[in-house]
Amino acid sequence: MVSSMTNRKTSLKGLFLATVLLANMFLSRKCVTSSPICPNGSDNCQVSLGDLFDRAVKLSHYIHSLSAEIFNEFDERYAQGRGFIAKAVNSCHTSSLTTPEDKEQAQQIHHEDLLNLVLSVLRSWNDPLLHLVSEVERIKEAPDTILWKAMEIEEQNKRLLEGMERIVGRVSQKRIIL
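Here the sequence shown stands for residues -33 to -1, 1 to 145, where the numbers follow mature numbering (1 follows the signal peptide of the UniProt record, and there is no 0).
Just so you know, these hints were derived from the structure itself, not from any lab.
Hints are not guaranteed to be accurate.
Straight line, CA to CA, 20 Å or less: simulated DMTMM-like cross-link-like pairs of lysine to aspartate or glutamate [claimed, not checked]:
1. Lys25 <-> Glu129
2. Lys141 <-> Asp18
3. Lys141 <-> Asp21
4. Lys54 <-> Asp94
5. Lys107 <-> Glu40
6. Lys107 <-> Glu132
7. Lys54 <-> Glu43
8. Lys125 <-> Asp18
9. Lys107 <-> Asp42
10. Lys25 <-> Glu102
11. Lys125 <-> Glu102
12. Lys141 <-> Glu129
13. Lys25 <-> Glu122
14. Lys141 <-> Asp80
15. Lys25 <-> Glu132
16. Lys141 <-> Glu79
17. Lys125 <-> Asp21
18. Lys25 <-> Glu119
19. Lys25 <-> Asp42
20. Lys70 <-> Asp80
21. Lys107 <-> Glu43
22. Lys54 <-> Glu102
23. Lys54 <-> Glu40
24. Lys70 <-> Asp21
25. Lys54 <-> Glu71
Quick list of the computed label-pair ranges, beta carbon to beta carbon [unchecked claim]:
26. Arg105 <-> Asn39: 13 to 23 Å
27. Arg133 <-> Asp80: 12 to 22 Å
28. Arg133 <-> Arg44: 19 to 29 Å
29. Leu97 <-> Gln140: 30 to 40 Å
Think of the CB as a built atom: it goes at the ideal place given N, C-alpha and C, for glycine as much as any other residue.
Generate the whole structure from the sequences, applying the supplied hints.
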């Protein structure tokens, strides 16, 4: 039971690590061109690939922080001693996805496969996060902070997915051009 929780946490850390490593790999290979950051409302300019990765890493970190906070709040209020967390971790919908556990494993995966893995994980959370928000809304005694964090995680996951899709599109374009 504890081993499964550790594996799930390691898997989530692996996803975050994969995002950071992909950003570092592309920046270090000089696949990045400097382009201006788009002013609000402008559709004609492009954000550099490096800036997109930087934004994805920051957003991923923000989501991770919110997730840790909501996890701790839920655990303190509702789950202590009831086995909710162990059951959730053991039946997690992403447990079938193999994610790198450390930097060395991440570096062994082709960058396009790693990007596609990140997309798969992000997409797999859309419905569960929507369900989480609707369930928290139904709990009358749930603190507003838990509801706000659930809604924020759902929204930011969508933003991160959109950003990663842009990154994958750019990487694919560069591969075709090269």
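The hints, checked one at a time:
Only pairs whose Cα atoms come within 20 Å are accepted, and lysine 25 paired with glutamate 129 is accepted, the gap being roughly 14 Å. Distance restraint check for lysine 141 and aspartate 18: the Cα-Cα separation of roughly 16 Å lies within the 20 Å cut-off, and the hinted pair is therefore satisfied. Between lysine 141 and aspartate 21 the alpha-carbon distance is near 18 Å, which keeps this suggested pair within the 20 Å criterion. Only pairs whose Cα atoms come within 20 Å are accepted, and lysine 54 paired with aspartate 94 is accepted, the gap being roughly 19 Å.
At most 20 Å may separate the alpha-carbon atoms for a hinted pair to count; lysine 107 and glutamate 40 meet this at roughly 16 Å. Using a Cα cut-off of 20 Å, the hinted pair lysine 107 and glutamate 132 is violated, with the two alpha carbons roughly 37 Å apart. A C-alpha spacing of about 17 Å is found between lysine 54 and glutamate 43, which places the hinted pair at or below 20 Å, so the restraint holds. About 18 Å separates the Cα atoms of lysine 125 and aspartate 18, which keeps this hinted pair within 20 Å; it holds.
With a C-alpha separation of about 17 Å, the suggested pairing of lysine 107 with aspartate 42 holds against the 20 Å cut-off. Between lysine 25 and glutamate 102 the CA atoms are separated by roughly 28 Å; this puts the pair beyond 20 Å, and the hint is violated. With a C-alpha separation of about 19 Å, the suggested pair lysine 125 and glutamate 102 falls inside the 20 Å cut-off, and the hint holds. With a CA separation close to 18 Å, the supplied pair lysine 141 and glutamate 129 stays within the 20 Å bound.
This hinted pair checks out: lysine 25 and glutamate 122 have alpha carbons roughly 15 Å apart, not beyond 20 Å. Distance check on the hinted pair: lysine 141 and aspartate 80 sit about 16 Å apart at the alpha-carbon level, within 20 Å; holds. Between lysine 25 and glutamate 132, the direct Cα distance comes to roughly 16 Å. Compliance with the 20 Å bound is thereby established for this hinted pair. For the suggested pair lysine 141 and glutamate 79, the alpha carbons sit about 12 Å apart, so the restraint of at most 20 Å is met.
A C-alpha spacing of about 17 Å is found between lysine 125 and aspartate 21, which places the hinted pair at or below 20 Å, so the restraint holds. Restraint check for lysine 25 and glutamate 119: satisfied, since their Cα atoms lie roughly 15 Å apart, inside the 20 Å limit. Proximity of lysine 25 to aspartate 42 is assessed by CA-CA distance (about 26 Å); at most 20 Å being required, the pair is judged violated. The suggested pairing of lysine 70 with aspartate 80 holds, with an alpha-carbon distance near 15 Å, which does not exceed 20 Å.
Proximity of lysine 107 to glutamate 43 is assessed by CA-CA distance (about 17 Å); at most 20 Å being required, the pair is judged to hold. A hinted pair counts as satisfied when its Cα atoms are at most 20 Å apart, and lysine 54 with glutamate 102 qualifies at roughly 17 Å. Between the alpha carbons of lysine 54 and glutamate 40 the distance comes to roughly 18 Å, so the proposed pair stays at or under 20 Å and holds. Among the hinted pairs, lysine 70 with aspartate 21 is consistent with the structure: their alpha-carbon atoms are about 18 Å apart, no more than 20 Å.
Taking the CA atoms of lysine 54 and glutamate 71, the gap is about 30 Å. The hint is violated against a cut of 20 Å. Here the CB-CB span from arginine 105 to asparagine 39 is close to 21 Å, well matched to the stated 13 to 23 Å. The beta-carbon spacing between arginine 133 and aspartate 80, approximately 18 Å, falls within the hinted interval of 12 to 22 Å. Between arginine 133 and arginine 44 the Cβ separation comes to about 37 Å, which falls outside the hinted range of 19 to 29 Å.
The supplied range of 30 to 40 Å is met by leucine 97 and glutamine 140, whose beta-carbon atoms lie about 31 Å from each other.
When held up to the earlier numbered hints, the structure conflicts with 6, 10, 19, 25 and 28 and fits the remainder.
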